Amino acid sequence: MTFDILIVLMFLGAVTAYLVSKADLKAGAYATVLFSLGALVLLLLGRGEIGSEFTILFMGFEVTTIGWYFSGVMVLVYAMTAFFNSYWMDKMIYPGSYNFLYLFSLGGTVGLFFAKDLITLFIFWEIVVWSSTFIVPMGKSRRAAVVYYTISTIGSMATLYGIMLLHRISGTLDIQGAFAPLKNDPVLATVIFFIFIMAGLTKIGIFPFHIWLPLAHGSAPHTFSPVLSGGLVKMGAFIAYMSVGILPAYEAFKGSLTVMGIPIQIYALMILGAVSIVLGTLMAIKQDDAKKLIAYSSVANGGYILIGILLMDQLAFAGSMMHLFNHAIASAAAFLAIAVVAHRTGTTKISELGGMIHRMPLTYLTYLIAIISLAGIPPMGGFVSKWLIIQGLADQGLMFMALAAFFGSIGSFLYVFRPLAAVFLGQLAPRHEELASAPLLMKIPMTILMVLILFFGVLPGWILGIIGQIQVAAGIEPVMMSGNSILAVNGVLNTLNVFMVFGFGFLIALVIFMLMQKSRRVGLMDTYTSAEFIYTPELYHYGSAFYAPFERLYARHPSVEDFLMALAYKGHEAGLMVNALFFSHKPGVTVFWITVIVAVVTLGGVGL
Amino acid sequence: MIQYAGILLILIGIYGLLTETNLIKIIVSLNVFELGLNVFIISVGFVREGVAPILTSVNNHSGLVFVDPLPQALVLTAIVIGLGTTALGLAFARRIYMKHGTLNIEEIGGGIND
Amino acid sequence: MINPVLLIAIPLLLAFVSILYKGYRNNLLVFGALVNAGLVLTLGKGEYLIGGFKPPFGINLVLDDYAFLGLLVINGLFLLITLMSLDKIGENATVLLVALAGLNGLLLTGDLFNLFVFLEITAITAYILSASSRQYQHSFNYLVLGTLGSGLYLFGLILLYAVFGSLNMADLSLKMATADTSQLVIPSLLIFIGLGVEVKILPFNGWVRGVYGNSDSLVGPLFSAVYAGAMLLVFGRIFAQVIPLGAYLKTLLLLLGALTLIAGELAALSKTRIREILLYSSIGQSGLIVTLFLSGLVFPAVMQLFNNILSKAVLFTVAGQMADTTGTDDAEALQGAFARHKLAGVAFTIAGLSLIGMPLFYGFVSKINLLFGVFSLDNYWLPGVILLGTVIEGTYLIRLLVKLWMPGEEGLVSHESHATKAPLEIQRARVMGIVVLSAVLLVGGLMPGMIQNNLSESGRLLDETTPVYLFDLKGGQ
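Protein chains in written order, with the numbering used here: chain A, 1 to 608; chain B, 1001 to 1114; chain C, 2001 to 2477.
Hints are computed from structural coordinates only; laboratory data are not their basis.
These figures come from a predicted structure and were not determined experimentally.
Among these hints, one or two may not hold up.
Calculated cross-link-like contacts (lysine-lysine; reagent style BS3-like; alpha-carbon spacing at most 25 Å) [claimed, not checked]:
id	chain 1	residue 1	chain 2	residue 2
1	A	K91	C	K2342
2	C	K2342	A	K26
3	B	K1025	A	K586
4	A	K22	C	K2342
5	A	K586	B	K1099
6	A	K349	A	K443
7	C	K2421	A	K91
Covered, in the sense of this in silico footprint (three residues per stretch, anywhere, with C-beta under 8 Å from a C-beta of chain A), are these stretches of chain C [to be verified]:
id	region
8	2059-2065
9	2405-2417
We put the beta carbon where it would ideally sit given N, CA and C, even for glycine.
Work out the full structure, taking the sequences as your base and the hints as a guide.
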């Protein structure tokens, strides 16, 4: 009962929020908070109902553990971000519609994970796509929305083709039943595998479909970027799981060629995941816009999640499942921290900011913890999940994947440090001296997320327990826990001990900080210039050309974006050609084509 | 034989439509095309040594061979319709001439909003 | 039982009356449209003889479910569009009444030659209506191509008559079913080209850009919804139910349909003027529907047809209104136009999303159905083409919607101050009309069963072998 109420409630909530917004904008924004929090509560209450089935209109639903887990992640991100909505009401062009679409897309994401048949899955998928497509252009870029939509649709249409093909083969749309005949047909399974997973790849932002992430995440309204990056991207992981777990890919590809023990079909996608990790990391390093930077880090993290899911084993899969939760809350927290900065200063350009720690310490702390988790540094949640993924990769001997994973981890130190150092640390620009700190309503979700990131880094037991159930349901060995230790083949991770060590180190550092002499604050313009007048103070900013020497190493990199844009331009040209060839105000042109067709058909017919 | 004349006229009409740039000549080509079509239709119903399908006091025995009357009826209708479209086409041609001062289709802009 | 010939006779009579009483032209038109829309609901299905000769000798009207649904939608849309755009009718009331008679005749007739007559009547009214844009060279182009097309149709049907000795559709289809298909290649091709000019198949549709691209808020929806709908239904009648196609011709024509779909969508992608985008989208949709009809998927084709014409009626009304009141319909010049016309914008958006086939709207139901249908034929390239078309179509429609809703330069937050200053007006009658239409699309999407049951009944009666998919989704069919 809980879950059908949940889904219906979100769509009713969307309408309610819209109507309330008509009366009062702030109240409408608070309605989004109430409804998304309500969804969170309902989800937690309904955990006992896992396994139940229900129908709404013509759509069938089934509550599974993995569906519950995914929608939990999603609703959490939505609920936390909703607190920010009220501050952007006067900046949005259509605040009422924003509130409507916000809850509407939430309803879509919740329904998606409980779908019992493939069409229901697709319906909710597309609902999310179009409702979020209309939110993105309310931000800084219209083009971003179109690119986002197009790439999403390429994926979802491919998946729809896969769904229809499955229906043709198996005669059913039921998720469990539809994949059943593929087990014994490796060729067909390969085709379906690659077609069906497309929606997942495009949504996660796997290379070469990653180009929409920096565009859309970077320019969406500040309150929607956390949802896009933390939430909606994870829908792709669900499709990836279905393609590997429910298909089941390993069973179907038993006879195919293997690379390092992995069927080549799966390995091919893993390579894409690895490319995404490397590419996302390198691109994130050179971004000057904090939101674009986190967006590229989402590309990299998407690569981790994909590789882990594709591996379908005890460790990496568990790590990947956990990483999608950790990445969701950490990237949401990071985007929210940037949103606070943007709210107060009006910019997200790293080189225009600096010293925010003096004005908004809690925001700084949130950002710090979030990016530590994104980079996979203990004692945050991101460390546990990345550790599990790398353990799994090492266990299988997948050295290239592990190499990419290590590269991503180390590269992430570089890119998380950039906004940290240049936005929050460093000198405060003179025009930002009078900034206020984050409003109370923004502090609540940031604190919650911060605590969650830290908590699941120290005590991941609860979440790994759920993941263990998911693994059992998927027919693989569950991840093993003993007390606070995660048991892996190559080692044991006791997160509590790690936390103790880091906590101890932190205390020592704190003591030194307290006892030693205080540093002197130096303003941005407080610099020695040999009596030269400073014309361009920006160049003296800490964050300008932050990694110039490193970026030079790959400054002339090839870009798939150029290729895709060229492809789009070719489509445009083809359209113009059609226009020029066939459409004229002169009847002779069309008469000519008629004669051509008649001639072709008659002459062709003679030959037959 | 007569159907070849019809087809020839149809082809002449289409040739005219392909090559003519004068609006009036295009309409003439269209008429030639229709004429050829009509001739062809008549030829379909033609029966050698057939008589008109009317029973009279002279022609009323069962050994008679009738010409098929249906194509003739069709042609009658087609001629009327052709007249209508020709008149309308000429009206358009006149309006174009009033607006653009020329009947040559090459000299009339083809842009959408011009 | 009411004889459906009244649907043709009443508008014709009123057309003559309207010449005598010019002052009451518009009233007569509305009266005629209302009476027709009302009459459709009271019709009884069956065959009706005209003139007392039994088929295959005489002319008969066939009112099966296919014709009934067509009449229902076409008459309903006709009424709605005339009511929406009464102020635009001007001199054309008489023409519109004749058009209504012709359109109903097209849908009702059971005789190929009778169809030709109605085709010409409808086409002549279309030429006259297209001239209301005062771009006579386009009307002239349309007239020449339309006349040539119907001439070729006549050529084809006379060849059929020469071979089979009948013009009655039912009789012919029985005779042709057992005939050698190579005999049918030339006549079917000629008929295909003849109808192809009207239903906008690719190489035959040179007139569309000039005529649709200059249409106003009356002619645009009328052409893209009412005329296109009726012509496509006629196409479906002939090519899915009367003429059997041989493998050779069928492959060629299917390719032509698929080419129309992709080329139309690509051309729309490269355009920035709203009416041009929409007209190329119409061409693409025609290609899709024609392909479905040629594949024998009558029921999915009819669903997609209804989705297309209902959406296009909304889209062209708004686009025409933009061009009428602001003098331009360039999307760039009209950015943010919906900021001041929210209700019209919502209707436009629903129509656009339904056209793409987004869930919650009727277009999704029809898209899923047609995909089921195409897959059931074990055809695996066509769905790929259709989905590729959907991707392109979605791209330009979303681009258009985003442009019209969210004004602003790249890099700046969308704000109302960037919205167009063009004096766009959308009359209340039009807003109400398009809201009604978009509500139909929404209801059709949320409760597919309701419309589905009516449609599927028609699908079954048309052809026993037409696959019928019910969208109640207890696991598929």
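Structure-based check of each hint:
1. A/K91 / C/K2342: holds, 18 Å
2. C/K2342 / A/K26: holds, 21 Å
3. B/K1025 / A/K586: OK: B/K1025 and A/K586 at ~13 Å, within 25 Å.
4. A/K22 / C/K2342: holds, 13 Å
5. A/K586 / B/K1099: Measuring from Cα to Cα gives roughly 17 Å; hence the hint holds.
6. A/K349 / A/K443: At roughly 22 Å apart (the allowed maximum being 25 Å), A/K443 and A/K349 satisfy the hint.
7. C/K2421 / A/K91: holds, 21 Å
8. 2059-2065: It is violated, with 0 qualifying residues against the three required.
9. 2405-2417: Coverage by chain A holds for the region 2405-2417 of chain C (11 residues, Cβ < 8 Å).
Comparing the model with each numbered hint stated earlier shows that hint 8 is the single one that does not hold.
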